[in-house]
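Whenever a hint applies, use it, and build me the whole structure from the sequences.
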Amino acid sequence: LAKTTQPISMDSYEGQEVNITCSHNNIATNDYITWYQQFPSQGPRFIIQGYKTKVTNEVASLFIPADRKSSTLSLPRVSLSDTAVYYCLVGARNNDMRFGAGTRLTVKP
Amino acid sequence: GAVVSQHPSWVICKSGTSVKIECRSLDFQATTMFWYRQFPKQSLMLMATSNEGSKATYEQGVEKDKFLINHASLTLSTLTVTSAHPEDSSFYICSTIRSTSVETQYFGPGTRLLVL
Numbered sequence: 015l016a017k018t019t020q021p022i023s024m025d026s027y028e029g030q031e032v033n034i035t036c037s038h039n040n041i042a043t044n045d046y047i048t049w050y051q052q053f054p055s056q057g058p059r060f061i062i063q064g065y066k067t068k069v070t071n072e073v074a075s076l077f078i079p080a081d082r083k084s085s086t087l088s089l090p091r092v093s094l095s096d097t098a099v100y101y102c103l104v105g106a107r108n109n110d111m112r113f114g115a116g117t118r119l120t121v122k123p
Numbered sequence: 008g009a010v011v012s013q014h015p016s017w018v019i020c021k022s023g024t025s026v027k028i029e030c031r032s033l034d035f036q037a038t039t040m041f042w043y044r045q046f047p048k049q050s051l052m053l054m055a056t057s058n059e060g061s062k063a064t065y066e067q068g069v070e071k072d073k074f075l076i077n078h079a080s081l082t083l084s085t086l087t088v089t090s091a092h093p094e095d096s097s098f099y100i101c102s103t104i105r106s107t108s109v110e111t112q113y114f115g116p117g118t119r120l121l122v123l
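Residue numbers (this note's numbering), protein chains in the order written: chain A, 15 to 123; chain B, 8 to 123.
No lab work stands behind these hints, which were simulated from the structure alone.
Worth double-checking, as some hints may not be accurate.
[To be verified] Think about it this way: if two alpha-carbon atoms lie no more than 27 Å apart in a straight line, the pair counts; the simulated DSS-like pairs of lysine-lysine are:
#1 K66(A) - K83(A)
#2 K48(B) - K27(B)
#3 K21(B) - K73(B)
#4 K71(B) - K17(A)
#5 K27(B) - K62(B)
#6 K66(A) - K17(A)
#7 K122(A) - K48(B)
#8 K83(A) - K68(A)
#9 K48(B) - K17(A)
[As the list claims (entries may be wrong)] Now the stretches of chain B that chain A is said to cover, found in silico as 3 or more residues with beta-carbon under 8 Å:
#10 41-53
#11 111-123
A virtual CB, placed ideally from N, CA and C, is assigned to each residue, including glycine.
And the structure:
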């Protein structure tokens, strides 16, 4: 089962781009990488998912190098409302739904 | 829009009573649902995997007689905290898998349980 490692916390300022990297050295061939955002007293919210290279949606981009042993969530021009905990999960077909510690992002004015 | 709902959103109960939490997939069938517990400032901890029509699979250290899980239909799973005690006070979150081209996990809004 692929274990993930993320920085415990990050600080940023409004308008900056934030990149959060997740390490998953023993990712399996069938595993996808998924990122979630969680606000206090709410369930995690799906942000983005990818398998390799780059994925972009309306809220974020996900960069995955060729070896897939890490991934980087990129949040463009963050605002105060992006202050939250961000989790990366690695797994496939209902397996390894265990969360790591996540990254607590604080966006300052 | 939301794809998973939970009810109730919060509950306060006396020690020794049992509390049932419902988790529903709103517009799709979910053969598998997951139950998590989250304490303040901590990550989500997987408690059990609930499979429709069969027994739940509990994570190590989670008492199956304490946390009863029933997944009687493809859209509903329930978690019952039996004989609740103050240490069971936590934030309980369910999730399910929605399969399109890729399987993606979606989470409910969570249920805050306070046991007095």
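When the hints from earlier in the document are held up against this structure, which numbers fail?
-> none
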